[in-house]
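**Student:** With chain A's structure known, arrange chain B on it following the hints.
These are the residues of each chain, in order.
Protein chains: 2
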Amino acid sequence: MHKIITIGREFGSGGRELGKRLAEQLGCAYYDQEIIAEIAARTELSESYVRQIIERKPPFSYPIHIGRSFQPMTNYHASQSQTIYKEQFQLIRELAAQSDCVIVGRCADYILREQRPFRIFVYADMDAKLARCRAKAPEQEALTDRQLQQEIRRVDKERAQYYDFCTDKKWGARENYDLCINTTNVEIKQVARLLAKMLEE
Amino acid sequence: MHKIITIGREFGSGGRELGKRLAEQLGCAYYDQEIIAEIAARTELSESYVRQIIERKPPFSYPIHIGRSFQPMTNYHASQSQTIYKEQFQLIRELAAQSDCVIVGRCADYILREQRPFRIFVYADMDAKLARCRAKAPEQEALTDRQLQQEIRRVDKERAQYYDFCTDKKWGARENYDLCINTTNVEIKQVARLLAKMLEE
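Residue numbers (the working numbering), protein chains in the order written: chain A, -18 to 182; chain B, -18 to 182.
Bear in mind the hints are in silico, worked out from the structure with no lab data behind them.
Incorrect hints may appear among the rest.
A pair holds if it fits inside one copy or across any two, identical chains being indistinguishable in the list.
[What the hints assert, rightly or not] Calculated lysine-lysine pairs in the DSSO-like style (CA-CA distance at most 27 Å, straight line):
1. K178 <-> K1
2. K150 <-> K138
3. K1 <-> K67
4. K170 <-> K(-16)
5. K67 <-> K(-16)
6. K(-16) <-> K178
7. K1 <-> K138
Same shape as in the complex, but just chain A:
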């Protein structure tokens, strides 16, 4: 069977970098944003719309309109969401069936549970996440530490909601992963190298 590695991660913990480096080390495919682009192509929806549905708005958070005039709109959105979710599930299964791969986010650990992927969760202390965000995204310079902290919490809350919605499990709870890695005091590069060594055995 192929080697499939899934990575869940707190915002700013370096999970994405770890995934990329790990895929490089293992010489296998890496999927993250590519999934959104491919779904957009398949559904003929814009990437930004697909991203919004997948990353930011679990269906239950849509406003429910009782008045008749709003119904068609609500149904239209709900139907598009369903299409996007279905495409995502299908695409992730197709990708994992093709070759060894590292998939970041998108509930891939759950979607591929029958293939028994190696499930990693990456996290870090808030100070480390702040520092990483500052280093990676200079466009956030205008934000105070407090604002950036709020932003980190907001993104993680959305990830948790999305994960809980799709899987009925708790995002980040250790029992859903094979390995939980705290990146506060380590270099992602080194962790990737060691993990690759481990996974190659």
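**Tutor:** Frame of chain A, contents of chain B only:
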């Protein structure tokens, strides 16, 4: 500075075996039950009494008697508990100052926090823990799976209470550890070897 590794673990997850094997691989000291024996020797209390205080009864769970006749007994117990806790804190610091070591349980991650130990937490699915308990302790043969499950939960609840009492943090919560390892689908022997490789770098 010495290399200090602390291991917190769910009952039946193989954390103790991992600690032993890791210490063997690294060629360093291993402390677990030895700590209880040493405290018993230092305080001139019996090992079983020390074990009960350390492992099973955080002070807050002692019954509080208001009647006069019970007071001397309660005070006596409280004072012995304090002595034992103090000795344990002191002893763990002494051991860690002596040489590289692996310490299992006993809130060592918190007691040694200034030495920045590498903090591991070991856990597993309930079925894996049941199987491990059955394999390791044939004396529990008389217990049904349900009873053994209850016993596993009871021990973990006590560990959590003890940890929370000593540290004011949540036992098993990922933020208190550098690495959380799920032993459900792996061999402890192999994990120990890989971890040793990682920690030797």
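**Student:** Work down the list of hints and note, for each, if the structure agrees.
**Tutor:** Going down the list of hints, with the structure as the test:
1. In the homo-oligomer, the alpha carbons of K178 and K1 lie at most 27 Å apart both inside one protomer (15 Å) and across protomers (23 Å), since each shortest distance falls under that limit.
2. With identical chains, the CA atoms of K150 and K138 are at most 27 Å apart both within one copy (14 Å) and between copies (22 Å).
3. Taking the shortest alpha-carbon separations for K1 and K67, only the intra-copy value of 25 Å comes in at or below 27 Å, while the best inter-copy value is 47 Å.
4. Taking CA atoms no more than 27 Å apart as the test, K170 paired with K(-16) passes in both settings, with 20 Å inside one copy and 22 Å between copies.
5. Proximity of K67 and K(-16) under a CA criterion of 27 Å is satisfied intra-copy only: 24 Å inside one chain copy versus 49 Å between copies.
6. Both within a single protomer and between protomers do K(-16) and K178 lie at most 27 Å apart by alpha-carbon distance, with minima of 13 Å and 22 Å respectively.
7. For the identical chains of this complex, K1 and K138 are intra-copy neighbours only, at 24 Å inside a copy versus 39 Å across copies, given an alpha-carbon limit of 27 Å.
Of the numbered hints stated above, none is contradicted by the structure.
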